[in-house]
Amino acid sequence: MVSTYFKELFDRANQGLLPYLIVTAHIFAGTFLVYTQPRSNLAFLVLITSFLSLYFFRTSIRFKLVAGAVLALVIIPIVGVRNIFYLEVIFQISVFAALALGLNIVVGFAGLLDLGYVAFYAVGAYLWAFFGSQQFYVLHYAPGTQPSDLPFLLPGDAFYMFIVVGIIIAGITGIILGLPVLRLRGDYLAIVTLGFGEVIRVLANNLDKPLNFTNGPQGITPIQRPTMPDFAVDWFNTVFRGVVGHDVSPANLYNLMFYVYALIVIIIIIFVTRRLNDSKIGRAWTAVREDETAAIAQGIPLVRMKLTAFAVGASFAGAMGVLLAASRTFISPESFSFMQSIGVLSMVILGGAGSIPGVILGAATVTILNLQVLQGFSLYLNELRQSNAVIPIINFAWKDLSTQLDPAKYQRLLFGLILILMMIFRPAGLIPASRRKRELDRKEPK
Amino acid sequence: MALLEIANITKTFGGLKAISDVTFSLDKGRIVSIIGPNGAGKTTFFNTLTGIYKPDSGTIKFNGKSMVGLRPDQIAASGISRTFQNIRLFPDMSVIENILVGMHIHLKQSALQTLLRLPSFKKEEDEAEKKAAELMEYVGLKRVENELAKNLPYGAQRRLEIARALAADPMLLLLDEPAAGMNPQETEDVTRLFRDIRSDLGITILLIEHDMRVVMNISEDICVMDYGVKIAQGPPSEIRNNTRVIEAYLGRGAVAGQHEEKM
Chain A
12 MVSTYFKELF
22 DRANQGLLPY
32 LIVTAHIFAG
42 TFLVYTQPRS
52 NLAFLVLITS
62 FLSLYFFRTS
72 IRFKLVAGAV
82 LALVIIPIVG
92 VRNIFYLEVI
102 FQISVFAALA
112 LGLNIVVGFA
122 GLLDLGYVAF
132 YAVGAYLWAF
142 FGSQQFYVLH
152 YAPGTQPSDL
162 PFLLPGDAFY
172 MFIVVGIIIA
182 GITGIILGLP
192 VLRLRGDYLA
202 IVTLGFGEVI
212 RVLANNLDKP
222 LNFTNGPQGI
232 TPIQRPTMPD
242 FAVDWFNTVF
252 RGVVGHDVSP
262 ANLYNLMFYV
272 YALIVIIIII
282 FVTRRLNDSK
292 IGRAWTAVRE
302 DETAAIAQGI
312 PLVRMKLTAF
322 AVGASFAGAM
332 GVLLAASRTF
342 ISPESFSFMQ
352 SIGVLSMVIL
362 GGAGSIPGVI
372 LGAATVTILN
382 LQVLQGFSLY
392 LNELRQSNAV
402 IPIINFAWKD
412 LSTQLDPAKY
422 QRLLFGLILI
432 LMMIFRPAGL
442 IPASRRKREL
452 DRKEPK
Chain B
500 MALLEIANIT
510 KTFGGLKAIS
520 DVTFSLDKGR
530 IVSIIGPNGA
540 GKTTFFNTLT
550 GIYKPDSGTI
560 KFNGKSMVGL
570 RPDQIAASGI
580 SRTFQNIRLF
590 PDMSVIENIL
600 VGMHIHLKQS
610 ALQTLLRLPS
620 FKKEEDEAEK
630 KAAELMEYVG
640 LKRVENELAK
650 NLPYGAQRRL
660 EIARALAADP
670 MLLLLDEPAA
680 GMNPQETEDV
690 TRLFRDIRSD
700 LGITILLIEH
710 DMRVVMNISE
720 DICVMDYGVK
730 IAQGPPSEIR
740 NNTRVIEAYL
750 GRGAVAGQHE
760 EKM
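Residue numbers (the working numbering), protein chains in the order written: chain A, 12 to 457; chain B, 500 to 762.
No lab work stands behind these hints: they were computed from the structure.
Misleading hints may appear alongside valid ones.
[Said to hold, decoys possible] Once the Cα atoms are required to be at most 27 Å apart in a straight line, the calculated DSSO-like pairs of lysine-lysine come out as:
(1) K630(B) to K448(A)
(2) K641(B) to K448(A)
(3) K564(B) to K553(B)
With the rest of the complex left out, here is chain A:
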């Protein structure tokens, strides 16, 4: 069997110092490739998969933490400012990983299928978009008619406070949605949450009258960012000018800053998720997922546990929404379509519902497929179209290929394929969830 062969190979690679060597070599190889070929998608994949070997190979926790920190906080920022597209990919992975972790609480732990999850993301985003822009003074103007010299309502640094406010407001929204739908199970719940997701998007689209809260389909812009002190820019450039090769503009450094913020949010989310999961609350969620009737017979209040799951999941999305609004400086209803909800759901299912490393891997895989593989393929086809190349034997000239064939637009096909293939081959996900193993100290039988 191929799988047993790989398992043996993996076991052999896990002896002594070998795993440390392999992981270090992987990180160095990735860094070197990306550094020398800043435009290559393949090189970037080598670098990003070093997180995987860091996760899978058996090394000490301390090594994993240090290597992970070096990767995330030194190597990726440096290669990121050298090619800002990489940073964008990484940032999107982080945002979606946070969303997937939030949805994982609702779908993976509590087993409540939520097809409108992106609504909470929208709540967070519009929250900061409204308070962090001129929108407050635009309330009485129809979209596009406002004067251009309106002041901002709050200073950009209120962003930090609004991360917390976003968490709270999204959590409350989760409870408000949860209350009426608690009686529903499975498919019915999915349909209602789907409806809720659409309601929020339609609201965002239409709340430009009678009072202009959301600026309608045009979206809100500019949204403020927290200020970046000059000394941070100077400091970064003095330290890293040598390796980066040029001075980094404040604009690019902003991207870096939001990447770091997203990373911080994710680490907090992982922390919270792990601790909740291994407690009375997490066990109650899983019990509700496994068997509602049996759970309630153990004295678990169904309503309260489901509400908690909705609120916690929603609050993660709320925090990321605020972050997204600030980093993009522009928000429109388009960013919160049903496809986004499905995308996040497919990340959870691909990675493994209920598994923290799984859903992060799911988020990374789907984002990379979307942003790099599909787009890379599109670019390649375009190049072929412009060349004089011909497919031999069938004598088909590439330039006759329809321009309709654009893989970058095949996101839905991709999600569908992922979901179908996973259901057939790995229904529990890429990294399936596992239960914690407990060591019981007991008297040994004589």
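Could you slot chain B onto chain A? The hints should help.
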């Protein structure tokens, strides 16, 4: 004073009277069985008692408090634990986690204590884990704490369900056909276990059972139901010779005849 007092409860599903005007009381520290042909309303009786169904009329008093209108989780929290006719474990949770879920109502940890991993949280979790290990041992589950519940053999799953019910420290334990599908040896073992639970832990037991060896062997009192009506109640020796009971079983033809032989 009786631990459980049920007066004139009725439960109908559409036109069907699943339970009709049943009055029943149960003293503390007793082991009592409910028997009756299939469809007699025994499980509906349990489900009404535990709050899954609301009775149309009648009163249920447990430990002096009315249970009518409470949610199932509130009823469980007041001290009634149960097992199910078709085993309902949490299949993808480990054995010990199943038992820990059973302790849910006794764990005091707040969200803040959980997130900060305060010493009080760790202490409570450690104690709960220890107690769960003891319960595993008590019901006879050895070295399976990290197995998933779904991977246990059938008999062990039944035991685990009992351990989970005991984890809540109940005053009253409701067992719905606990010996179903067990071989004679296993049946004898669980019968002994039920006796121990009563005498060691002082828990009152009410069970539904079809296996007359278990029923006659263990019960101090038997309540017989037929078509939703309680037709008899009394000690085993009396029930054995009660003409209405024999009629209820015999009147149902050949299948009931087998039950009669067992008696």
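27 Å Cα cutoff - pair K630(B), K448(A): Distance of about 17 Å is within 27 Å: holds.
27 Å limit on alpha-carbon distance, applied to hinted pair K641(B) and K448(A): Judged against 27 Å, a Cα distance of about 15 Å means the pair holds.
Proposed proximity, K553(B) with K564(B) (alpha carbon, max 27 Å): Judged against 27 Å, a Cα distance of about 16 Å means the pair holds.
In summary, the structure agrees with every hint in the numbered list given earlier.
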